[in-house]
Amino acid sequence: MSEPTPEQPSSAALTPETVAATTATAPPQAAVNPNVQRQRASQLAQALRLELQKALIGQKAVIDDVLTALIAGGHVLVEGVPGLGKTLLVRALARCFGGEFARIQFTPDLMPSDVTGHAVYDLQSEQFKLRKGPVFTNLLLADEINRAPAKTQAALLEVMQERQVTLEGRALAVPLPFMVLATQNPIEQEGTYPLPEAELDRFMLKLRMDYPAQDEELNMVRQVTRSSRADMLDVTPLRTLLQAKDVQALQKIASDLPLDEQVLDYAVRLARATRSWPGLAIGAGPRASIALARGGRARALLRGGDFVLPDDIKGCALAVLRHRVRLAPELDIEGLSVDQVLQQLLDQVPAPRL
Numbered sequence: 001m002s003e004p005t006p007e008q009p010s011s012a013a014l015t016p017e018t019v020a021a022t023t024a025t026a027p028p029q030a031a032v033n034p035n036v037q038r039q040r041a042s043q044l045a046q047a048l049r050l051e052l053q054k055a056l057i058g059q060k061a062v063i064d065d066v067l068t069a070l071i072a073g074g075h076v077l078v079e080g081v082p083g084l085g086k087t088l089l090v091r092a093l094a095r096c097f098g099g100e101f102a103r104i105q106f107t108p109d110l111m112p113s114d115v116t117g118h119a120v121y122d123l124q125s126e127q128f129k130l131r132k133g134p135v136f137t138n139l140l141l142a143d144e145i146n147r148a149p150a151k152t153q154a155a156l157l158e159v160m161q162e163r164q165v166t167l168e169g170r171a172l173a174v175p176l177p178f179m180v181l182a183t184q185n186p187i188e189q190e191g192t193y194p195l196p197e198a199e200l201d202r203f204m205l206k207l208r209m210d211y212p213a214q215d216e217e218l219n220m221v222r223q224v225t226r227s228s229r230a231d232m233l234d235v236t237p238l239r240t241l242l243q244a245k246d247v248q249a250l251q252k253i254a255s256d257l258p259l260d261e262q263v264l265d266y267a268v269r270l271a272r273a274t275r276s277w278p279g280l281a282i283g284a285g286p287r288a289s290i291a292l293a294r295g296g297r298a299r300a301l302l303r304g305g306d307f308v309l310p311d312d313i314k315g316c317a318l319a320v321l322r323h324r325v326r327l328a329p330e331l332d333i334e335g336l337s338v339d340q341v342l343q344q345l346l347d348q349v350p351a352p353r354l
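Residue numbers (UniProt numbering): 1 to 354.
One should not assume that every hint holds.
Keeping only pairs whose Cα atoms sit at most 30 Å apart, straight-line, the calculated DSBU-like set for lysine-lysine is [as the list claims (entries may be wrong)]: (1) Lys-54 <-> Lys-132; (2) Lys-129 <-> Lys-151; (3) Lys-314 <-> Lys-54; (4) Lys-252 <-> Lys-132.
Hints in this document: simulated from the structure, not taken from any laboratory.
Make a model of the complete structure from these sequences and hints.
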């Protein structure tokens with residue numbers, strides 16, 4: 001007789017202390033019980049969500065999407081006008097993340113070698129030595145990535161896909177887990193360069209940060225003006241909840257979550273529908289299907305589920321697809337957005353009933 005699935009704790013009661021207490025008091029045999037492991041992983045992910053919400057007010061959906069990418073092992077592109085908290089989000093995640101963190105401020109004069117590294121001649125040894133760039137880290141913030149020209153942006157391509165960098169003919173692996181969180185301003189802003197198609201496809205999710213609601217903005221102003229950090233929320237009070245090994249454990253547990261064939265078929269049908277949908281000139285490729293499946297598993301873990309639901313796939317579909325499709329010129333002229341067309345697609349492609 002199989003052991004019953006433990007009850008999922010209320011997210012309101014989740015704190016780092018309760019997660020630690022659950023782990024400390026669990027019997028030895030629980031360590032190998034998949035249900036208990038899944039419950040602990042969900043608790044840890046939900047505790048991280050609550051911690052991030054302390055720093056980023058009014059962006060709950062964005063926080064969930066970033067955690068989805070972290071658990072799924074993907075990269076994130078965050079778009080929004082200046083001042084909405086894009087960089088703050090990454091700083092807060094870095095604060096809660098005990099691994100290595102690096103930041104690259106992209107500028108028009110940034111060179112590819114400034115990103116990946118380069119060979120330096122050592123006068124003392126009379127030999128060339130490799131100087132690793134900031135990409136050799138666990139969590140990389142590529143700030144205002146579309147301020148740099150395409151050649152420099154492309155320097156991230158290999159490391160985002162292969163988790164390695166080739167320097168002077170040598171392939172050097174980056175530490176795992178590895179995640180790129182890139183921020184960009186809308187293309188309409190002056191001094192920006194559109195990202196190459198190949199690089200856009202490497203991002204699992206593209207998130208849009210919108211202006212906060214009035215009550216959220218009021219709460220934000222109240223908190224910021226109480227601190228001495230000028231116009232920025234202080235992330236120092238946030239606690240470190242994750243180490244590199246914890247992230248890898250979350251990713252492994254999420255990848256083992258059951259995914260019904262009907263739900264997997266739904267993910268593939270969503271991606272394929274973009275290739276023939278009226279109003280879309282370019283559809284999403286197979287990477288979108290993979291991202292939907294991985295994102296669905298991550299969201300299932302984040303909500304404390306034992307298996308993936310169609311709603312888990314649908315919940316991350318906009319973020320997975322919006323940067324992988326292109327509007328037909330006539331709809332662009334009419335003022336329709338990619339999100340509006342994709343929402344129509346999501347509403348009309350039938351989801352399976354489990």
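Now the hints, each set against the structure:
1. Lys-54 <-> Lys-132: violated (34 Å)
2. Lys-129 <-> Lys-151: holds (24 Å)
3. Lys-314 <-> Lys-54: Since the Cα atoms of Lys-314 and Lys-54 sit roughly 27 Å apart, the hinted pair holds (cutoff 30 Å).
4. Lys-252 <-> Lys-132: holds (28 Å)
Of the hints listed earlier, the one the structure fails to meet is number 1.
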